[in-house]
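Peer 1: Single-letter residue listing:
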Amino acid sequence: DKITGSGSTYVGPAMADWQNGANSRGIPVNYATRGSPTGVNQYGDRTVDFAGTEAEITSLIAAGGGGQSAEQRGYQYVPDVAGAVAVMYNVTDAAGNKVDYLHLTREVIGRIFTRDITRWSDPAISATNGGKALPDQPITLLGRTGQSGTTALFYDFVAHTAPGPYQAFVRRNEGTGIGPLPDGVRPIQLPYSGPDADFYKLFADSEQIAQAVGKGSVPFSIGYDEFSYALRYNAPTAWVENQAHQYTQPFAENIAAALTKADLRPDLSQKLDGVYANPDPKTYPISAYSYLMMPCTTGRDTCRGGYDAAGKTDTITGFLEHIACDGQVNMARIGYSPLPPNLAQEMMNANARLTGRPPKQLTAANCANPTFHGGLGAGAASPPDPFEKLGGVKKLTNPGAQDGPGKPTGPSSAAGTATATASSGEDLANGGSKNWRDPAPAAYDHGTDAGFGGWAVLVLAVVIVAPLVVRGVVRRFRRS
Amino acid sequence: MSVVLPRAVADVPSRADRVFRRVTTGAGLAMLAILVVIGFFLVYRSGPAFDASGFGFFTTVKFDAANGVLGVLGLLYGTVVVALIAICVAVPLSVLAALFITEYASGRLRGFLTGLVDLLAAIPSLLYGLWGFSFLGPQVVPVSAWLTHNFGWFPPFAHQDNTLFLNSMFIAGLIVSLMVLPITTSVIREVFTQTPPGEKEAALALGSTRWGMVKTVVLPFGRGGIIGGSMLGLGRALGETIAVSLLLPQVPQITTHVLQFGGATISGFIANNSGASGLALSGLMAAGLVLFGFTLATNFTASVIISRSRSGAGVDA
Amino acid sequence: MTDTTTVSIPDSPPAVRLTGGPPPGAAELESRGVAAWFGDRLVLEDVSLRMPAREVTALIGPSGCGKSTFLRILNRMHELVPSASLAGEVLLDGTDIYADGTRAQHVRLRIGMVFQKPNPFPAMSIRDNVLAGLKLAGVKCDDKAALVEQSLQRAGLWREVRDRLNAPGGALSGGQQQRLCIARSLAVQPNVLLMDEPCSALDPTSTRRIEQTIAEIGHEVTVVIVTHNMQQAQRVSDHCAFFLAAENEPGRVVEHGPTAKIFGSPEDERTHDYVTGRFG
Amino acid sequence: MTDTTTVSIPDSPPAVRLTGGPPPGAAELESRGVAAWFGDRLVLEDVSLRMPAREVTALIGPSGCGKSTFLRILNRMHELVPSASLAGEVLLDGTDIYADGTRAQHVRLRIGMVFQKPNPFPAMSIRDNVLAGLKLAGVKCDDKAALVEQSLQRAGLWREVRDRLNAPGGALSGGQQQRLCIARSLAVQPNVLLMDEPCSALDPTSTRRIEQTIAEIGHEVTVVIVTHNMQQAQRVSDHCAFFLAAENEPGRVVEHGPTAKIFGSPEDERTHDYVTGRFG
Amino acid sequence: MTATLPRPAGTRPRPLVKRRTAQVTRADQLAALGCAVSAVLLTWFVLHLLLTSPGWLADLAVAYGLYLAMLYVVTRDRLGRLAAADRLVSTIVVTGAMGLLVPLLFLLGYIVVHGAPFLRWGFFGHDMSTVGPADPVTATGGLHAVVGTLEQTALTLVLVVPLGLLTAIFLNETRSRFRRPVRIMVDAMSGLPSIVAGLFVYAALIIPGIQAGVGFFSYSGLMATLALTMVMLPTVTRTIDVVLRLVPAGLREASLALGASRARTVWSVVLPTARTGVTTAVILGVARVAGETAPLLFTSFGAVFLNADPVTGPQESLPLFVYRYIKEPLENVQQRGYVGALVLILLIFTLFALARLAGRDRSKRRTRRSTKRTQETR
Ligand SMILES: Nc1ncnc2c1ncn2[C@@H]1O[C@H](COP(=O)(O)OP(=O)(O)OP(=O)(O)O)[C@@H](O)[C@H]1O
Ligand SMILES: Nc1ncnc2c1ncn2[C@@H]1O[C@H](COP(=O)(O)OP(=O)(O)OP(=O)(O)O)[C@@H](O)[C@H]1O
Ligand SMILES: [Mg+2]
Ligand SMILES: [Mg+2]
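Those protein sequence lines, which keep their order, are chains R, V, Y, S and X. This note's numbering puts the first residue of the first sequence at 1, with every later residue one more than the last. This note's numbering puts the first residue of the second sequence at 481, with every later residue one more than the last. This note's numbering puts the first residue of the third sequence at 798, with every later residue one more than the last. This note's numbering puts the first residue of the fourth sequence at 1078, with every later residue one more than the last. This note's numbering puts the first residue of the fifth sequence at 1358, with every later residue one more than the last.
Please note that a few of the clues may not be correct.
What the hints assert, rightly or not - Below, a list of computed lysine to any residue pairs in the SDA-like style, where the Cα atoms sit at most 25 Å apart:
| hint | chain 1 | residue 1 | chain 2 | residue 2 |
| --- | --- | --- | --- | --- |
| 1 | S | Lys1221 | S | Ser1125 |
| 2 | V | Lys695 | S | Ser1202 |
| 3 | R | Lys360 | R | Val329 |
| 4 | S | Lys1212 | X | Gln1380 |
Calculated directly from the structure, the hints in this document are not laboratory data. All values derive from a computational prediction rather than experimental measurement.
With these hints in hand, go ahead and build the complete structure from the sequences.
Peer 2: What follows is the structure in structure tokens.
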């Protein structure tokens, strides 16, 4: 039987790859990306057979986003792939040049997104960016409208890296969309009113955010999004400091490194404290697993029975097997990181919880998952941090270490060395005066009435009115 | 002479006629029934939402099932603003285009343009949205910037610092205006073609220029049609979904700043929340019902205006 | 009375037998105290006229006096207008066509009608147009080809179209279309034929042809014709009725009688004024 | 020639001066070898006619022979029909109105036209209707009230409407509307007035009034009138031209000359047939 | 007296040379050209030499404004105030008509440019179930979407045409007292936003159906069809209604006068006469329905594999196909969306061309009728 799933957009490209693989081996699977909460609700309404989600049911219920029906149907979480949330930004420096080298610590990110840091000139930001202050402009935050699994993941990170500001933020915004949150439950929705909302620009989907950042349409803004969208729209992505004080971007090796420290609770839902504080120097801290939500018969107290049709059970177990092994091969190439062996095995266990039969044991021999073979697959490697070449963040920030902080922060040096962000480099760097990406293009600036209108009126008068007046005078003269 | 009274005339229909009458009446009543069922169901299912928020449903800006806050005002506001912008752009263009087709273009061109208008109407809303999102939107940004810079004192053109011009109700309105152009143009064109040729010739025979003729005959005659066509366009604009859902952030809010980022419409909001369940779904139903009522009202006003006006006879949009 | 130009009319073709059609022969039509309303407005009052079988009766009068209305009452077309109502009786060979239980369809089958504007069915061929009456009214016929030929010949159209019976009816000229409509009405062999200004949209030549046709068929069916043209009325009719409506009053029959008398020595002065072209 | 009933016409009101309008007085109109096409179809051929100033010329002929087409050629309305074209010359006081650089608006201002169906601007008041020509053609006038009175008086409508000059033009009866149209045309003081069957949609009384009006203004402007009604042509016109189109041929002028001659002793047999009502 | 109306000199008619009666003379054209040139030059002078131009849009606007102003002034000088206003308005009207044309061309061009390079015949040969996100765009397969669109629209037709036709006949050819309410309801229904129709099907049929375990009511092409029917029914009914109204009343009367019953008249006279018009109306309705997206999100859900059975299981259609891919983050996946958009446009154009073809002889007849009408009005 065919199975249908819906939900997370975060896992969308991966799901496309798995569907294709599964379908070509005769496992008919159909998945639509409609957002995690939608997926969970449709799952609960039994209109789909499984859901893809990053938001847990508890957060969903806390935010009033539904979820009760899924509880009734019964569910288990099954991790399917590892991904990361990127931090994208659009900032210009004092000279009006586009900044594309931003390095941020985890704490600073947390404080920015809880509006503890509210201006780009904040010393906490300049401290990791060559010491030179960015313009004294308010920070505009970009986020997702409504409920989103990505939001949940990101704010879990924020909650851990800046707990104080986070608590204050949540308390401030209880009545403005975030909802009253029980302990440990993360918001899946951002405030749409109240004092903080003025500084939040909420977009309907990841694509709109990425486009806005990529096109530089919101000056002095920063937001979070799936990394693949950032790449697609050439949006500058921040380098994030990890526990080892290295700065990384969300490439597969960094995600994989980070998730080695992920704690899974008994129900397999993730506890990511370890990830955020992973001492591995390759770690990209905002990494997380994405989940499938599917029914089960035994082994969890949230189980409420399997599918009505045996065919569906067969299909989904086949699908999970495909994801666990062959499905992981391409993940690094499209912006994810493959599941480690233990979690791949968990997928088999999930199958067992659905069918009631003993789980299949995965080994390097029967599973193509690259992690079984000691790698991550093609496309996993991260480009080097552009600041490393120049001596590292520390050295840059320390004025004595080099011939001045200003120079390396210049756009040309960053663009020239950063391969990861090079795609955004070339045409963003030359933010000339006629470029409308510029927040205030020169021409409009000077084109006020005084300049433009005055001249135009004068010229018009001279060129058109004068001859007519002269002619009229001449005519009258002749007539008389 | 005594007063004559009409006599009753009864025809005896044949069997074929009786069947004919039954079948067609059945079809008509089926139509009636479908709508009644839809209406009834919408009302029934939006009951919980109305119960939950009472009259506040109409006065609350937010739509947030999380806190049990259900309100349609913000959505409705966005819907109306986008539709109004669309109409403001589309109607003048439609009038000009309709004038061109009926009064200025000759033979072949007229047929071609009439066909083109139909073709425009057949282009899917999705494609307009796609185009608007990836092409037109960015092109419009400098226009918005210019408007803000020079006419910022005019509230709708004002703009807060640090926001973007993309994803604005203005852009959405422009895209929707392209979608309503065909319908308004064809209604207005239809009305214009009904202008009595006698009056047009009378004006011309008095030595009038073409514009004089248009001004004294065609436009006054077509006034009802122009208004009615605009209202029909408005009805269409209110219901536009997918393009708007691609373009707007769908945050219910009330702001006069139409050039800047922000805005939500009922239909776009429903489309973006296609997985809602429980109270949220009920809320969406209620919002849908409000939208339905709103389009109904505009459509009816439109048809009343069209049929009341002198140009209305025989015109059916 | 008929035009003097003689056109060779072929020998009457063999009669074609219809089953389910009207009874054979012409019928007399008589109206008694007919009145007509549109909505609340009385447009015709107290019209009592006898239209003898096998003769041509012309209805004349200025515009708007109710001639068309009267004609449409004669074959129950009047009741098709939503707001219309009527009073009085119309006797077809002595039977009231408005009697209870009489089917309008049946009346119309017996009393054919030709309209002012030629209205052949544009989607049908010439042959199908002629046979349309049979098909529409469910009349059977043993020899359709013969019926088509006979009807077209009686309408004076046979020679012109015999080579293109499959051409669409809309492709003929105005006068030919009008004759096609006459042929179509004749094909069901009605007892009475009503004509409402059949020539007013036509050119002189076509008019002449149709007048000939009327003269021919006037010997076989009862013909009632409305016309604006005094000369035409004089040329084609045996009897004549003059309708007149004063301003804001219903139309009435001012005078009726043999055509010669109406045009030669009318009793009423208004008739005299009208037939001599003083108004109208 | 005019009807014998006399209606007291008030003394001619004081002349009103217009600036930017046509030159004062009547003008002679002459067509030379005029032909007209609709699409590829030639509907009128070789019409050469002189319509003398200050006289009434009637164009008669059966339907479809091109009278209206000819009339519309005389004031450049013909070219408004998309597919229409024409040949020949039309001389207004000796100048070709189709000459290069002549603007149609200007020609139409000098040659007024009254149509078959009354077509006042229904939403405008009676006064505005009369003044519409000035406004549309950009003619200035020093005393509008006087002009309105003068025009309405010449059209024989003044007494009936003087108390309700602000009533909408659409609220008048048909005959009044037609006279309003005449007044509207007269208000710009044209040199020629063309009339296309101005009475055919009207009742006898209105017809009579309009014939009187024509008789009056015929002494001041050149009038060209198309009519189907022989009696009317006899009553109102000084000259007469008979148009005729054989089937599938363009219309031509068969005969023209003084009205008395055309009706009394026509040279052409077809004219004779027509004016005695043999056809049409 | 005969002297006043002399026979034309010479018996032989003049050669028939059609005369030019154009409103616009050579001088007018030259004046317009001159104005255009000087407007462009002046714009260039002012905006590029004296000031810094804000962009091509501003150039265009300024040049256009200047052109209008100059044209007005020049014409007023040559021909007077009225003629100048006339010319000004003509220019503006032409511009307005271009406002109709230009966006259309841009839209079409955009989609063609983005989609055409990747469209292969293979698109119609397979579905997307075996195409991975990293595969080249040319490997895109849309068979499932095309099949879905065709099936859904065909099914919609099957539901809509009989009901719509009968209702239109009911409104036009009968005298029932329900006509008014039905007409009002049809009008009302045409105001039903498509998304609400989708929501209705979703909430009234799919969810309860699935929860009751009735396999029939789940995401499927049929459910999409139902939603589309609600969208299409009123429009089609109304257009057929209009077309039937165009059938001359004389034909109906002729038929009735021949002794036909009402049913017979409708079947043998009215419908054949209106056939082309009805066909056109229906095809145009189909074209509109084929591009409808919003209700499908709730009803047919979409799929990546071919599902030729419209009654069970999610089914893809072209609009969903486009919607699915244009929102994906990978560039080549987005391009798949454009390929789908191109195919959708092509499909709609084909339908449109069909409608034109079907409507052609009707339009001919209509022109004939309208010339007759103009004759009558004179
Ligand atoms: N369908 C209708 N609804 C209302 N009034 C009508 C209708 N048809 C005709 N009338 C009115 O009834 C009166 C008689 O009309 P009818 O058509 O019978 O006149 P007629 O003598 O045939 O005129 P004509 O010579 O112009 O054809 C007229 O005053 C007309 O306005
Ligand atoms: N707009 C038009 N398009 C095509 N043919 C036309 C048009 N107007 C008139 N005709 C044709 O030109 C010919 C002359 O028409 P015209 O109207 O001038 O005749 P008429 O003498 O005025 O007839 P009537 O007495 O009926 O008014 C007719 O054969 C007519 O069919
Ligand atoms: Mg009549
Ligand atoms: Mg005429």
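Peer 1: Confirm or reject each hint.
Peer 2: Going down the list of hints, with the structure as the test:
Between lysine 1221 of chain S and serine 1125 of chain S the alpha-carbon distance is near 39 Å, which puts this suggested pair outside the 25 Å criterion. Distance restraint check for lysine 695 of chain V and serine 1202 of chain S: the Cα-Cα separation of roughly 16 Å lies within the 25 Å cut-off, and the hinted pair is therefore satisfied. Between lysine 360 of chain R and valine 329 of chain R, the direct Cα distance comes to roughly 20 Å. Compliance with the 25 Å bound is thereby established for this hinted pair. For the given pair, lysine 1212 of chain S sits about 21 Å from glutamine 1380 of chain X by alpha-carbon distance, which is consistent with the 25 Å threshold.
This entry does not satisfy hint 1, going by the numbered hints stated previously; all others are met.
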